[in-house]
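*Asks:* Input sequences plus hints: build the corresponding full structure.
Note that the protein sequences, when read in sequence, are chains A and B. Reading the first sequence from the start, the letters are residues 1 to 231 in this note's numbering. Reading the second sequence from the start, the letters are residues 1 to 102 in this note's numbering.
Keep in mind the hints are simulated off the structure, nothing from the lab. A couple of the hints might just be wrong.
[To be verified] Chain A is nowhere near these chain B residues, computed Cβ spacing over 10 Å in every case:
#1 P2
#2 T28
#3 I99
[As the list claims (entries may be wrong)] Computed cross-link-like contacts, BS3-like style, restricted to lysine-lysine with a CA-CA straight-line distance of at most 27 Å:
#4 K121/A / K58/B
#5 K121/A / K32/B
#6 K180/A / K79/B
#7 K180/A / K58/B
#8 K180/A / K121/A
What you are looking at is a predicted structure, and each value in this text was computed from that prediction instead of being measured. Positions of the beta carbon are idealized from the N, C-alpha and C atoms, including for glycine.
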Amino acid sequence: MRSIWRTLDAVLLRDVAAVALGAAVTGASFGAISVGSGLPWWMPVLMSLVIFAGGSQFMAVGIVAAGGSPAAAVLAGLVLNARHLPFGLAIGDVLGRSPLARIVGSHLLIDESTAFAMSQKDPARARAAYWACGVALFFSWNTGVLIGALAGQAIGDPMTFGLDAAFPAAMLALTLPALKDAATRNAALAGAAIALATTPFLPAGLPVLLALAGLVVFRTKKEEPCPSPQS
Amino acid sequence: MPVTAVLILAAGTFAIRIAGPLLRDRVTLPDKAREVISASATVLLLALVAVSALTNGKQFGGWALAAGVVVGGLAAWRKLPFVAVIVLAAATTAGLRLIGVA
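*Replies:* Here it is as C-alpha cells:
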C-alpha cells in the first residue's frame, strides 16, 4: 500500500481534493433533500455508506418522495448504476489482486475514480489515482451527507453554486487525454450523440448505456488484409 | 424508503461493480477486445458528460449549465490546471444564474 502513496504527487492530490470538495457539497444537499422529503436523518447516511453512488441515491429518494414504490426506486437505481460493469471491465486491473483490495476497491468504483484512473497512462499512477480518488470521495461524500442530513434546509441548493456544471466539466477534463486517439474520439462522439438523442424518451441511465453502440465506428489501426485459404 | 430497499439497491450495485474485475480474471481477451473495452469506458464517460451538461435527465438543461461546462471544457483543452477547470465551470454557471439566465 505504501508504494501507492509514494506514487501520488501534489498535483494529483490537489485535483482529487477539488473533486472531493464538490462531492461533499453535493452530498450535503442530498442529505438535506432526503430529510426534507420526510426521511429520518440516518436514512440518507446509511444509503450513502452502503450504496455510494450519488445519482442513484438522488433518484431513489426522488421516486419514493414522488409517491413511487420502493421497488421502482431500486430498479431505476440499478439501471442507472449498470454502467459500472463496463467500467470495472475496463479498469478492473487497477484495483489490485488480493480479495480484500477487490472487495473494497469495487465499492469505490464510481465515475470519478474511473475517470481519474483512465486519465493516467502509467499503471502505477493509474492505481494510485484510482485509490486516492475513491477513498477521498468516500469520506467527503459521506461527511457531506451527514452534515446535510443534520443541518437540513439550512444547506443551500448546490445549483446556486453551479456545482451541476462542475461535475461534467471535471469528467470532461479527465476524459480529454483518451479522446486524443481518433478511433476512441469518433466512437465517443457517436455515443454521446446517441445518449443525447435518446434522453427525452428513455429512463435515466439507459441513454448512457446505449452510447456503447457508438463503438460500431471504433476502428483500431488498419488491419492488413491477410489472404486466407478460406476466401 | 424502507431499509430493505436500500440494502437491495446496495447489494445490486456492489454486484455490478465487482462483476467487471472478477470477469477480467476468468477470460483472457485478445488485444483487440481489450482496446474496445478500454474505449468503451471513455465512450460511457463522454456520454455521461454530454447528458449531465446538456440535459436535466429529460430535456435541455438550460444555457447556464451548458455554458459553464463549455467554459470548463475550453479551459481543460487550453491545459489550464484541473482546479481552474472546475472553478471556472461552476463560477460561469453560478454567475449566469445570478443574472437571471436559466
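*Asks:* Next, verify each hint and record whether it holds.
*Replies:* Cross-check of the supplied hints:
no. : hint            : result
1   : P2              : violated, 5 Å
2   : T28             : holds, 13 Å
3   : I99             : holds, 13 Å
4   : K121/A / K58/B  : violated, 35 Å
5   : K121/A / K32/B  : holds, 18 Å
6   : K180/A / K79/B  : holds, 14 Å
7   : K180/A / K58/B  : violated, 30 Å
8   : K180/A / K121/A : holds, 13 Å
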